[in-house]
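S.K.: Sequence:
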Amino acid sequence: MRTTSRDASGTVQSVDRAVTILELLAVHGAAGVTQLARELGVHKSTASRLVAALERRRLVEQVEERGRYRLGVGILKLAGATSARLDLVQEARPVCRRLASETGETVNLAVLSGGAALYVDQVSGASSLSSYNWVGQHIPIHATSNGKVLVSELVEPELGRVLGELVPYTPQTITDRTILDAQLAEVRTHGVALAADELDVGLTAVAAPVRDAHGDVVASVSVSGPSFRFGEARIEEITPLLRAATAEISGRLAHRPADR
Numbered sequence: 001m002r003t004t005s006r007d008a009s010g011t012v013q014s015v016d017r018a019v020t021i022l023e024l025l026a027v028h029g030a031a032g033v034t035q036l037a038r039e040l041g042v043h044k045s046t047a048s049r050l051v052a053a054l055e056r057r058r059l060v061e062q063v064e065e066r067g068r069y070r071l072g073v074g075i076l077k078l079a080g081a082t083s084a085r086l087d088l089v090q091e092a093r094p095v096c097r098r099l100a101s102e103t104g105e106t107v108n109l110a111v112l113s114g115g116a117a118l119y120v121d122q123v124s125g126a127s128s129l130s131s132y133n134w135v136g137q138h139i140p141i142h143a144t145s146n147g148k149v150l151v152s153e154l155v156e157p158e159l160g161r162v163l164g165e166l167v168p169y170t171p172q173t174i175t176d177r178t179i180l181d182a183q184l185a186e187v188r189t190h191g192v193a194l195a196a197d198e199l200d201v202g203l204t205a206v207a208a209p210v211r212d213a214h215g216d217v218v219a220s221v222s223v224s225g226p227s228f229r230f231g232e233a234r235i236e237e238i239t240p241l242l243r244a245a246t247a248e249i250s251g252r253l254a255h256r257p258a259d260r
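Going by my numbering, the residue at position 91 of the sequence shown is 91; the numbering climbs one at a time, nothing skipped.
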């Protein structure tokens, strides 16, 4: 079905109005549809449809006084997720800076976001050849060391759902599920993941997990650089520094090794 510019404009306007409703409820605490329609400058039926859509998502809820609405628990969940991510970046930043300084390579912090690894912070070391900023990018799980770490402890059917199709990005990308499962088992055993030329030819990265107070993997930290510089000896040199860094970040998140 073809989407016209008029349809797109209407969608954007609806989103803008829905966000405005949330802002109005944040200011007023609670409000009825009539009041919201008046402040939005729209017909009551339009405001009612918008409120109903927000209510289905639990972003607003009715108060005991029927016909009046307030912000719902869905808002709290969104705010909590944002707060947790900001806390993670804040706690990890000084450790990642030190790791980048120690290794001279690029250090990335990633979290699982849907069916991808979302890069939420990056620090470049003195030897970094590329200035490309990965922050905000959603990166394929099966083709990256961070992705492998983030899903290493998931079980079926969730693992299969998150992985989706194993798309090849280079000749080295793992597209065989049996091989990938074996690699994930190695991550669980040794606590590190490796991806060499699997997303981009010439790029190698090694990653380790960050755990929360419950012992769950909530993030991954990777050290990456050009493959010609990441031989076996170099990876063995980086790995203990990486392990120490992720252990420190995990400790900052109240994780204790015995919790696992």
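Because the hints were derived from the structure by calculation, they are not lab data. Worth double-checking, as some hints may not be accurate.
FRET-style restraints, in silico, Cβ to Cβ [unchecked claim]:
id, residue 1, residue 2, range
1, Asn-133, Asp-181, 31 to 37 Å
2, Glu-248, Ser-45, 55 to 61 Å
3, Ala-233, Val-201, 19 to 25 Å
4, Thr-189, Leu-166, 20 to 26 Å
5, Ala-30, Ala-244, 48 to 54 Å
6, Thr-46, His-190, 53 to 59 Å
7, Ser-45, Val-89, 26 to 32 Å
8, Gln-62, Gly-115, 30 to 36 Å
9, Glu-248, Pro-157, 17 to 23 Å
10, Arg-38, His-214, 43 to 49 Å
11, Asn-133, Val-12, 48 to 54 Å
12, Arg-161, Gln-62, 40 to 46 Å
13, His-214, Arg-98, 23 to 29 Å
14, Arg-38, Arg-177, 54 to 60 Å
In this text, all values refer to a predicted model and were calculated from it rather than measured experimentally. Glycine is no exception: its CB is placed at the ideal position from the N, C-alpha and C atoms.
S.K.: With reference to the structure, classify each hint as holding or not holding.
M.R.: Hints versus structure:
no. : hint                           : result
1   : Asn-133 to Asp-181: 31 to 37 Å : 32 Å, holds
2   : Glu-248 to Ser-45: 55 to 61 Å  : 56 Å, holds
3   : Ala-233 to Val-201: 19 to 25 Å : 21 Å, holds
4   : Thr-189 to Leu-166: 20 to 26 Å : 22 Å, holds
5   : Ala-30 to Ala-244: 48 to 54 Å  : 51 Å, holds
6   : Thr-46 to His-190: 53 to 59 Å  : 57 Å, holds
7   : Ser-45 to Val-89: 26 to 32 Å   : 43 Å, violated
8   : Gln-62 to Gly-115: 30 to 36 Å  : 34 Å, holds
9   : Glu-248 to Pro-157: 17 to 23 Å : 34 Å, violated
10  : Arg-38 to His-214: 43 to 49 Å  : 47 Å, holds
11  : Asn-133 to Val-12: 48 to 54 Å  : 28 Å, violated
12  : Arg-161 to Gln-62: 40 to 46 Å  : 34 Å, violated
13  : His-214 to Arg-98: 23 to 29 Å  : 26 Å, holds
14  : Arg-38 to Arg-177: 54 to 60 Å  : 56 Å, holds
In this structure, the earlier hints numbered 7, 9, 11, 12 are contradicted, and the remaining ones agree with it.
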